[in-house]
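Visitor: Residue-level listing of the chains:
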Amino acid sequence: MKFLSALWKELLEISHDRTMLLVLIVFPVFIMLFMGSSFRSMEINGLPIGVVGPQNTSFSAMLLKGLNDSKAFNLQSYQSESDAMADFKNGQLKAIIVIPQDFEATLNRGNGSRIRIEVDNSDLALEQSVLAAMSAVVQASSADITKAYVSGAWDELGALNRSASKLGAELEDSRKQMQKTKSDLQTIKKNMDESNLSALVGALDGSSQKLSSLQGSLEVQRQMIQNASAKNEQLFNDTDSFLQNASFAVDQSIATIQSTHGTLVGQTAELNHTADNLALSINGLKTIKGSVNDSLVIAALDLNIMSLDSLRNSTLMQIADAKNQTAELEKLNATLHGFRSSLQNYSGILAKAKTDSDSSGSLAAIDKASVQLILMNSSLGSAREDVSRLKATMDDVRGSMTDIEGTLDQALNQTSSVDDLISSLQDTVEEQTAKDPDMIASPLSIELQDQYVRTSYVDFLMPQVIAISLLFSCFLLSSISLVREKTRNTIIRAMMIPYGLANMVLGKVLSMIVLSIGQIAIILVVALLLFGVRPPSDIWMLLFGTVVSSLVLSSIGILIGFYARTESAAIQTCLLIAIPMLFLGNIIFSPDLLPNYTQILQQLLPLAHVTNIFKVVLITGGNPLVDIVALLTYFVLLAIVLAYVLIKRRDITNYQ
Amino acid sequence: MASAVEVKELAKVMNERIIVDRISFKVEEGELFGLLGSNGSGKTTTFNMLSGLLPPSSGSIRIMGRDIKESDFIRMQIGFVTQADSFYDTLTVAENLRYFASQFGISSGETEKRMKKLLGQMRLAEKKDSVAARLSGGMKKRLNMACSLMHDPKVVFLDEPTVGLDPVVRREVWEVIEALHSEGKTIILTSHYMDEIERLCGRVAIMFSGRIVASGTPHELKERFELKQMEDVFAYLMKPES
Numbered sequence: 000m001k002f003l004s005a006l007w008k009e010l011l012e013i014s015h016d017r018t019m020l021l022v023l024i025v026f027p028v029f030i031m032l033f034m035g036s037s038f039r040s041m042e043i044n045g046l047p048i049g050v051v052g053p054q055n056t057s058f059s060a061m062l063l064k065g066l067n068d069s070k071a072f073n074l075q076s077y078q079s080e081s082d083a084m085a086d087f088k089n090g091q092l093k094a095i096i097v098i099p100q101d102f103e104a105t106l107n108r109g110n111g112s113r114i115r116i117e118v119d120n121s122d123l124a125l126e127q128s129v130l131a132a133m134s135a136v137v138q139a140s141s142a143d144i145t146k147a148y149v150s151g152a153w154d155e156l157g158a159l160n161r162s163a164s165k166l167g168a169e170l171e172d173s174r175k176q177m178q179k180t181k182s183d184l185q186t187i188k189k190n191m192d193e194s195n196l197s198a199l200v201g202a203l204d205g206s207s208q209k210l211s212s213l214q215g216s217l218e219v220q221r222q223m224i225q226n227a228s229a230k231n232e233q234l235f236n237d238t239d240s241f242l243q244n245a246s247f248a249v250d251q252s253i254a255t256i257q258s259t260h261g262t263l264v265g266q267t268a269e270l271n272h273t274a275d276n277l278a279l280s281i282n283g284l285k286t287i288k289g290s291v292n293d294s295l296v297i298a299a300l301d302l303n304i305m306s307l308d309s310l311r312n313s314t315l316m317q318i319a320d321a322k323n324q325t326a327e328l329e330k331l332n333a334t335l336h337g338f339r340s341s342l343q344n345y346s347g348i349l350a351k352a353k354t355d356s357d358s359s360g361s362l363a364a365i366d367k368a369s370v371q372l373i374l375m376n377s378s379l380g381s382a383r384e385d386v387s388r389l390k391a392t393m394d395d396v397r398g399s400m401t402d403i404e405g406t407l408d409q410a411l412n413q414t415s416s417v418d419d420l421i422s423s424l425q426d427t428v429e430e431q432t433a434k435d436p437d438m439i440a441s442p443l444s445i446e447l448q449d450q451y452v453r454t455s456y457v458d459f460l461m462p463q464v465i466a467i468s469l470l471f472s473c474f475l476l477s478s479i480s481l482v483r484e485k486t487r488n489t490i491i492r493a494m495m496i497p498y499g500l501a502n503m504v505l506g507k508v509l510s511m512i513v514l515s516i517g518q519i520a521i522i523l524v525v526a527l528l529l530f531g532v533r534p535p536s537d538i539w540m541l542l543f544g545t546v547v548s549s550l551v552l553s554s555i556g557i558l559i560g561f562y563a564r565t566e567s568a569a570i571q572t573c574l575l576i577a578i579p580m581l582f583l584g585n586i587i588f589s590p591d592l593l594p595n596y597t598q599i600l601q602q603l604l605p606l607a608h609v610t611n612i613f614k615v616v617l618i619t620g621g622n623p624l625v626d627i628v629a630l631l632t633y634f635v636l637l638a639i640v641l642a643y644v645l646i647k648r649r650d651i652t653n654y655q
Numbered sequence: 000m001a002s003a004v005e006v007k008e009l010a011k012v013m014n015e016r017i018i019v020d021r022i023s024f025k026v027e028e029g030e031l032f033g034l035l036g037s038n039g040s041g042k043t044t045t046f047n048m049l050s051g052l053l054p055p056s057s058g059s060i061r062i063m064g065r066d067i068k069e070s071d072f073i074r075m076q077i078g079f080v081t082q083a084d085s086f087y088d089t090l091t092v093a094e095n096l097r098y099f100a101s102q103f104g105i106s107s108g109e110t111e112k113r114m115k116k117l118l119g120q121m122r123l124a125e126k127k128d129s130v131a132a133r134l135s136g137g138m139k140k141r142l143n144m145a146c147s148l149m150h151d152p153k154v155v156f157l158d159e160p161t162v163g164l165d166p167v168v169r170r171e172v173w174e175v176i177e178a179l180h181s182e183g184k185t186i187i188l189t190s191h192y193m194d195e196i197e198r199l200c201g202r203v204a205i206m207f208s209g210r211i212v213a214s215g216t217p218h219e220l221k222e223r224f225e226l227k228q229m230e231d232v233f234a235y236l237m238k239p240e241s
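Line by line, the protein sequences give chains F and B.
Just so you know, we're using numbering that gives the first Met the number 0 here: the first sequence kicks off at 0 and counts up by one.
Just so you know, we're using numbering that gives the first Met the number 0 here: the second sequence kicks off at 0 and counts up by one.
Read the hints as simulated data drawn from the structure, not as lab findings.
Among the hints, erroneous ones may be present.
Distance windows between CB atoms, simulated [as the list claims (entries may be wrong)]: (1) 24(F) with 8(B): 28 to 36 Å; (2) 0(F) with 177(B): 31 to 39 Å; (3) 636(F) with 109(B): 23 to 31 Å.
Below, a list of computed lysine-lysine pairs in the DSS-like style, where the Cα atoms sit at most 27 Å apart [as the list claims (entries may be wrong)]: (4) 1(F) with 126(B); (5) 485(F) with 221(B); (6) 64(F) with 88(F).
All C-beta atoms, glycine included, are put in the ideal place defined by N, C-alpha and C.
Kindly produce the complete structure, drawing on both the sequences and the hints.
Guide: Rendered as structure tokens:
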């Protein structure tokens with residue numbers, strides 16, 4: 000850990016060296032203040048410009064207004080080009096705008112006009128800025144002029160469009176009229192088609208035939224009615240006879256039943272009387288039986304009683320049968336009475352049917368219908384002839400209507416073509432006039448999307464400020480520090496210590512890393528407090544970038560220190576290396592503006608990578624891996640060179 | 000017992016010019032040996048080779064019995080007090096001493112112990128926290144010596160330790176050297192001052208044009224050349240015809 004004591008020694012040395020300390024603190028603050036206040040904006044402002052030529056015409060006034068409005072220029076009017084040129088040579092003007100005398104007339108004729116600009120090209124950056132600003136204004140003015148032309152053309156096209164619309168409307172009316180006529184014709188044709196006269200003729204013929212057939216049918220019916228009338232008469236007579244016979248039979252049956260019923264009622268009464276007598280007899284025998292003691296008598300009495308009782312039961316049964324028969328006869332009698340009533344109804348109905356089935360009315364009606372049919376058949380014949388004539392006439396009309404329809408279709412097709420033509424014209428005019436004159440005057444525009452937040456221009460200067468600060472502090476401090484080791488002979492003492500030189504170099508590199516971190520912290524604090532820049536998004540990557548950058552830059556400084564004999568020689572060598580780096584290290588000029596071979600050279604310079612790392616960390620927020628790898632490669636190469644130097648320069652003569 | 004320093008046929012050729020021409024000598028442990036010679040005689044080159052700062056062209060050097068090429072061991076054994084001051088003048092006395100001790104890997108406890116001793120020995124205790132640049136010339140010389148002695152070397156090389164100093168300071172430096180010698184350290188010094196040589200060195204070697212032209216105790220040399228003063232001996236030997 001001897002390198003840590005070397006690091007501590009370096010820091011102690013710097014802390015005791017007030018001048019060095021002041022430089023370390025003041026330098027970054029100064030750089031930040033100087034750069035921050037000087038480059039808050041890179042836009043030109045109020046640059047004195049002379050104007051020669053007509054300035055009051057509409058187009059020249061438009062151009063000069065644009066230049067005035069840009070605020071980049073302070074326009075000064077001159078009567079002659081020689082007067083303006085005199086001030087230009089004296090440095091009072093930075094450019095002269097010469098407007099040609101025929102400026103307005105040329106533009107009015109629709110031709111382009113060329114404005115001459117005399118510019119101070121002794122300052123490359125200023126020349127580019129003036130040209131850029133003026134080009135923007137001239138382009139805007141050209142666009143205004145084009146816009147005026149296009150707006151006029153659009154007005155004329157608009158009028159043409161309106162005429163076309165009117166013509167289209169008239170054409171539409173005609174078309175509607177024609178379509179209505181066509182529709183009417185189609186309706187008539189349809190009606191004619193629907194009349195179907197041929198079918199009508201056929202129908203009339205059919206009707207005539209049907210009438211003839213109907214007449215035949217009527218005759219057959221007539222015959223049939225006459226036959227049916229005769230059969231009905233016979234049937235009525237037979238039925239009537241049958242009804243009379245049946246009625247007689249029923250009457251006889253009723254009389255028989257009534258007679259039988261009377262007989263049965265008499266028999267029943269007699270049987271009831273017999274049964275009563277038998278009961279009296281039985282009771283008498285039972286009384287006798289009770290009064291006698293003789294068993295034989297009693298037995299004889301019991302036998303008589305039993306016989307009488309049996310007889311009586313038989314009598315009672317006969318009575319019951321007689322009652323049943325009587326009831327049956329009463330039912331039969333009622334049935335026969337109902338049957339006789341039905342026969343009487345049938346007789347009534349038959350008499351009515353006989354009256355209704357009189358066929359004379361029907362025959363008269365058939366005769367009348369037959370006459371009507373003959374008359375109708377005659378009318379149908381006349382109608383058929385009329386329909387045939389009408390059919391021929393309608394065929395002629397249909398042909399004429401088809402011709403008219405064809406003519407109308409042709410006319411409609413023609414109107415459709417004209418319509419398409421008008422529509423196409425209108426579409427074209429609409430399409431063209433829909434275009435914004437501004438867009439036609441300047442069809443291409445740029446939409447700049449700032450990818451990175453910038454609170455002030457100083458935000459974008461931070462990488463350069465840090466890179467410059469690191470470059471000078473690492474280069475100068477490390478090289479001077481090593482030269483001092485030589486001039487103070489402490490390097491000899493280091494050579495007398497095991498690994499003394501290596502530890503000394505390591506200590507110096509580490510101290511430069513620590514100091515660089517301190518410097519960047521100072522720069523950031525000043526930038527944050529005074530210029531309100533964005534704080535770094537990735538502190539760790541900022542630290543890592545600082546470490547890698549100071550590793551490389553301080554290694555270069557130490558190498559310079561090894562070969563420089565005095566501090567002034569070290570400073571001069573540092574400047575000799577630092578100045579090309581400043582020009583090519585992405586500090587002053589953007590690498591993209593440099594020639595290809597210079598860009599390659601730039602990639603070989605460590606400062607470009609240092610600047611890129613801080614640009615990525617502080618602005619773009621990307622990954623500076625490529626630049627870090629490039630710097631680490633540098634460091635490896637430098638470490639190899641340093642090791643080689645340490646080995647080769649172990650001889651004290653190198654330091655005396 | 001091995002010599003503290005043993006030089007055999009040591010030579011150095013630089014830019015095709017012989018600076019040191021096959022010199023040989025021995026310095027015993029605890030001896031205070033003087034290397035004398037005029038400017039350009041090769042004594043500083045010899046000193047540089049002895050301290051390992053310059054590789055010899057030929058010959059051998061052994062320090063405490065070990066070859067000079069065993070650099071890490073040798074560096075721990077020797078202390079080289081340069082003619083010009085070689086410390087950090089922006090640091091304090093104590094910071095300088097601590098730094099050099101740390102570079103030799105000495106623990107902080109041991110460092111404080113040695114620093115206390117050396118500051119007392121060099122009479123710099125009161126100036127411990129003074130910035131080196133503000134010290135007087137004598138103090139700077141003593142600090143320079145102290146820086147070379149922080150790792151407690153056995154062999155100390157002193158390259159013209161009193162050159163440019165006033166007589167008072169010279170005496171102060173002598174006293175320090177004598178104190179070191181009394182501690183048993185082997186000391187080899189170069190000097191142009193014969194009074195210094197006579198007072199301090201037990202034995203001397205005188206170089207001329209890269210060669211040792213004479214060696215012995217000051218007394219022996221005066222006797223050998225029948226001269227009363229070492230200065231006369233030196234002057235005699237510096238003549239080319241001698």
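Visitor: None of the hints should be skipped; say for each whether it holds.
Guide: Here's how the hints hold up against the structure:
One distance hint, 28 to 36 Å for the beta-carbon pair residue 24(F) and residue 8(B), is violated here, with the actual separation near 57 Å. Judged by the Cβ atoms, the range 31 to 39 Å given for residue 0(F) and residue 177(B) holds: they are separated by roughly 37 Å. Checking the proposed 23 to 31 Å range against residue 636(F) and residue 109(B) shows it is violated: the Cβ atoms sit about 40 Å from each other. Note on residue 1(F) and residue 126(B): the hinted pairing holds, with a Cα-Cα distance of about 26 Å set against a maximum of 27 Å.
For the proposed pair residue 485(F) and residue 221(B), the alpha carbon gap of about 41 Å is over 27 Å, so the pair is violated. Pair hint residue 64(F) plus residue 88(F) holds up; C-alpha atoms about 26 Å apart against a cutoff of 27 Å.
Consistency with the previously given hints fails for numbers 1, 3, 5, ordered from lowest to highest.
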